[in-house]
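Novice: Chain by chain, the residues run as shown.
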Amino acid sequence: MSCQYHQHLLLPLLLSLLTAGVSSVEVQRPRGVSLSNRQFYEEGKPFTCLDNSATIPFDRVNDDYCDCKDGSDEPGTAACPNGSFYCTNAGFRSSFIPSSRINDGICDCCDTTDEYNSGAACQNTCRELGRKEMESLEKMAEIAKEGYRLKQLLIQEAKRGLEEKKKKLQDIQVTKKDLEDKVEALRTVKETAEQPEKEAKERHLKAWEDQKALIRMEKDMARMAEVFLELDDDGDGFVSVAELLSHSELNPDSDDSFTEAEAQVLLGGVDKVDTVTFEAVWNNIKEKYISEVTTVKTFSRLQEPFSDNDSEQLLQDNCKLYVRESFFTVFDINLEKEISFDFGPNSEFAYLYSQCYELTTSEYIYRLCPFNRVSQKPKYGGSETNLGTWGKWAGPEDNIYSVMKYEHGTGCWQGPNRSTTVKLTCGKETVVTSTSEPSRCEYLMEFISPAICQEPSSLESYFHEHQEL
Amino acid sequence: MAPVVVLWLAMCLGGTWAVDKGNFKTCDQSAFCKRQRALKPGESPYRALLETMELTNTRLTLQLINDNNKVRLLLELYRLQGNITRVKINELKPLKPRYEVPDVLIREPPTEPLSLLSQDENGVVLSLGAESQRVIVSARPFRLDIMEGREVLMSLNSRGLLAFEHLRMRKDTFSYKVTSTVAKLICCCHPTGPSAVSLDFSLPGVEHVYGIPEHADTLRLKTTDNGDPYRLYNLDVFQYELYNPMALYGAVPVMLAHNTQRTTGIFWLNAAETWVDISSNTAGKTVFGKMLDYVQGSSETPQTDVRWISESGIIDVFIMLGPKPKDVFSQYASLTGTQSFPPLTSLGYHQCRWNYNDQEDVKSVDAGFDEHDIPYDFIWLDIEHTDGKRYFTWDTHKFATPKEMLQGLMDKKRKMVAIVDPHIKVDSNYKIHNEIRSRGFYIKNKDGGDYEGWCWPGSAGYPDFTRIDMRDWWASMFAYDQYEGSMENLYTWNDMNEPSVFNGPEVTMHKDAMHGAWEHRDLHNTYGFYVQMATAEGLIKRSGGVERPFVLTRAFFAGSQRYGAVWTGDNAAEWDHLKISIPMCLSLGLVGISFCGADVGGFFKSPSTELLVRWYQTGAYQPFFRAHAHLDTPRREPWLFGPENTALIREAVRQRYTLLPYWYQQFYQAHRTGQPVMRPLWVEYPQDPATFTLDDEFLIGKDLLVHPVTEEGARGVTAYLPGKDEVWFDVHTFQRHNGAQNLYIPVTMSSIPVFQRGGSIIPRKLRVRRSSTCMEHDPYTLFVALNSQVTQMGELYIDDGHTFNYEKEEFIHRRLSFANNILSSLNLAPDAKFTTQSWIERIVILGASKPSKITLKAAESQVEFEFDASMSVLTLRKPGMNSGADWTVTLQ
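Sequence order for the protein chains is A and B. Under the working numbering, the residues of the first sequence are numbered 1 to 469, in order. Under the working numbering, the residues of the second sequence are numbered 1001 to 1892, in order.
Here chain A stands alone, though its shape is the one from the complex:
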């Protein structure tokens, strides 16, 4: 039989090199007992199980037979199914492991103390781990500090942005009102102007050809508005190169890739265009553009031919006004939506709105547009799949902003609709670091942002807590 377990190896505890100021002490205690529990194990005195279920002679502590229901008599052997072993791990974090891992031939404690009789060749790695952890904690602290600083900027920016947007919304609403008034006025003028036209029918006929062109133009304007809205994926009021790139049919040459440079040319040499500039570059786009929706709404309200110049002019004005009005309506809605989002306690996440972040893997390009949607596109051709649209903040109660949930994406065969969980961690940059599909059609994205950074002081205390010894 094996009796070698009887000895109570008394561990000389190594002074942690990391923590200055701790006095050098040698604490004697039975194998596997934590510092805080050593008072219960008094050499030579009967031992009472920590759950008070029994009292046994001290020589039955760590004698490789389980006497206590809670396993507390065998902290240093694997005899109790529910025991736990304390790894001192001098130089690193101390920890408890299930006592079933004692002498199982696998090194669990970095100080090798769990494998005292298995023949496993364990190396003491605590100092190395401690050093690494220290480095990584320092790095994290540095990141957290910088991240937190950036977060403050984001908060200020968000505050300003919010005020601006509120003001802009107000302005838009005023402008819109003005425009509506103008349209109404013009309509009245137009109707008045139409009166004499009725008396000159032959002129009407002559002008009909012109009129058709006008209708075409008006339809074109309306389509332009539609296309602008479609292209403006993130609804920021600008069509960007990136947004244009999703429409590969606009590729000016027949080669495979639609490059950013090519897209920029289409936008008149700039990175993004607003509605006014868009009118200027519309001709570059309209021929090839394929709509994302099948039926294009038109804003046409004209049913009959007009002919005289006045009314043509009026019509044109009217039409343009109408188009602009509809733009404003869209902005109006977007702004209201934006203002109503939960961008965190201090709106620190507001900067993510209307942005998109991509990550390219071996097979796919993943795209996260916070507060909007997540999508996946095969790298080598194929259509984009919606992995979920913005659902809610879904972190644990004490840290709700640490997880975003995007839901109701494209459905899976015999499965759920695709959905994505985005885990946020503190960092200086804003970047998607990984994506995975742990379960079919349930995606997981790791996302770094300064906005989630905690105040460094709280992290420091965490850091200290974990440097026992």
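Hints were generated in silico from the structure; no laboratory data involved. Some hints here could point you the wrong way.
[To be verified] Restricting the straight-line Cα-Cα distance to at most 30 Å, the calculated cross-link-like pairs of lysine-lysine (DSS-like) are:
id: 1; chain 1: A; residue 1: K69; chain 2: B; residue 2: K1412
id: 2; chain 1: A; residue 1: K132; chain 2: B; residue 2: K1363
id: 3; chain 1: A; residue 1: K132; chain 2: B; residue 2: K1403
[To be verified] One side only, chain A facing chain B, incomplete, derived with CB under 7 Å:
id: 4; residue: Y65
id: 5; residue: I106
id: 6; residue: R440
Note that beta-carbon positions come from the ideal geometry of N, C-alpha and C, so glycine has one too.
We have chain A; now place chain B onto it with these hints.
Specialist: Just chain B, lined up with the frame of chain A:
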């Protein structure tokens, strides 16, 4: 072909949950079955030509003639060692040889002399040796009766259903109507005409027949008068239905017949598509009707009639005469071999999923088990781990460094299984394909080209595993220098080996595909058997013959037990599928395949948390314990359902691990003797009719009775505890219960009703660690359950757990017995040599009274003990003797 593909796709994409029965043939749609079934019982046209009889020391031969067409058959009759009679019938002069199944019997069965007792113009009587057993050959019409004393045990052709479609030139092919489209698609041109064979067996006094797996049906076979016969034809059945006789993935043409007096078996050695009809003269009778018969002295004894129909080959049938269930198991084992002795680790828990996505995923699942302190031994990779479904390869992105991954598992003393299916991607850049093609190892189509079918990789070839040179080559592919990225802790899973052919008839291979000179039709049911055989051989060879292999297969045949484990295929996350796992594995155990399990949690669909927990609790007590899930289901690792359920699952898995010594010992016994590990109760209590139809409980060995909870929302289960002289101890509470009663057991979510038989001694290891290998040197606790009998018995078997060294007597085998207050360990294998570090840490005696003193003889020392008077449990504290030593402990 194209319409079939569409049909198959439609079936898959339709997403309906029931099997599409339209894709699988009924007897009516199977031309030969319909034709044969149309023959009704009556006078047989066959006559024995007694003048042709030849009797040698080992066999009797005799010609039979069909008076309708004058075609002659040759009957061969053998008396085999161990109370088995073999009856072979073939054409006397077939146009060309008919297929006789090779490789399934472990050897040419040794014979015993037959002697002639009497002979006249009506027939001959032969002695079958002991027990006054005789076989009577009647000449006109031909029939065989096997008798013991005045009792008929079994009759062949007593209903005149012997049929033998002789081979003929095509011009003479008799016409039959192909009635359905499916049949037209499937049915093909037999070059030498139809070739079906059929024979009936009458079993007087028998009301219960079992076996002929694989079917998703009750343990006791049903009569088939009002429906289809049981079908044996290995098929990849998508979302199979329960409680019907449809064919599934495997086929073992072995039936057991049982009554209170005797158990017999019929082994129909034929690898072609086979149908089995069962009828009974008591089937329709109510209990009252039976009683009335009895009171009125109605002369009719109960009788079951069975009829076997196969599409081709010959009649080669082994009649195993028992008389006890264990005799039939030994008899069958003497023909086809016993369960391979699995590595101990494969009896632990297996974590599988289609698919673990990449190495990172494997690592995090592995870490999850440690984090939640749940033991496991194997993690599995399904088809997605390969480079484009090219087996023996790894996805270059997801599994870029497989050895690193395997080493990570090895560092934790854990293992992995990766899938290797038999369909080989047709791709000239794929080494395996090129080699098979250039060596001409593919199955051919009837025109001589390589047969190609559609499976996971797209267009695929199917290696001809019936060829020994092909199998040798295949085995060599598992060598570490051939199978890149493999290591000694990587084992293998053979799926889709029915074979599954997505665009083939009934999702399998065309029957006219060619294996050398033979049609696929002749040997279909053995394809999967050969695949597993070659794979197991590969795993043995790669270690230089040292290590035991572990190979899981979906398709199987008689003899598959020699090569590894079997699972019940693509089940579903439904309560009924949990329930059916019991009779399905019991049926397999009865015909030699002990290493059986069902996908824990259910493959298709997503289980409720309650179902998942109950399934773990059930699976922990079934031989092969593996969780598996379909690609489209949400993740279901044990810790994903809240801490309470994690704890319940952990507890179930831990119970499994504590019992590993007992499981291992049962497998050792199965390997040595052919006795099933998981047994129906009637096997141990053959005279108790109350045990004959139990589908919801079972025995492991003879000493543990398990009645898992398989009902949703159960508040209690009623377990039948057999044996009027038995007592049973609840293994959790140690409560003692009398046998021969229906015991109601209230249950909670943590309950797994398990009972230890009084009179038994069961060794356990209570120190559960993260894998079975980590527990190798741990001490044992012996559970001695007392009953009123004088002696309690148990065994302890220990070896290295993974090599073939046990064949070289490197093991410990102890007999543990407790009699007259003396518990002792006796060496059952004095010549065997093995040493162990493990020791006896505790002895728990259930149903004990309090002793005054306990002494250990080896050390002449006193042993401390505790006595719990309320439950009569005596616990000996740390007696400490080595597990391999002789010792006695005396209670005074």
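Novice: If you check each hint against the structure, which ones fail?
Specialist: Going through the list in order, the structure violates no hint and respects every one.
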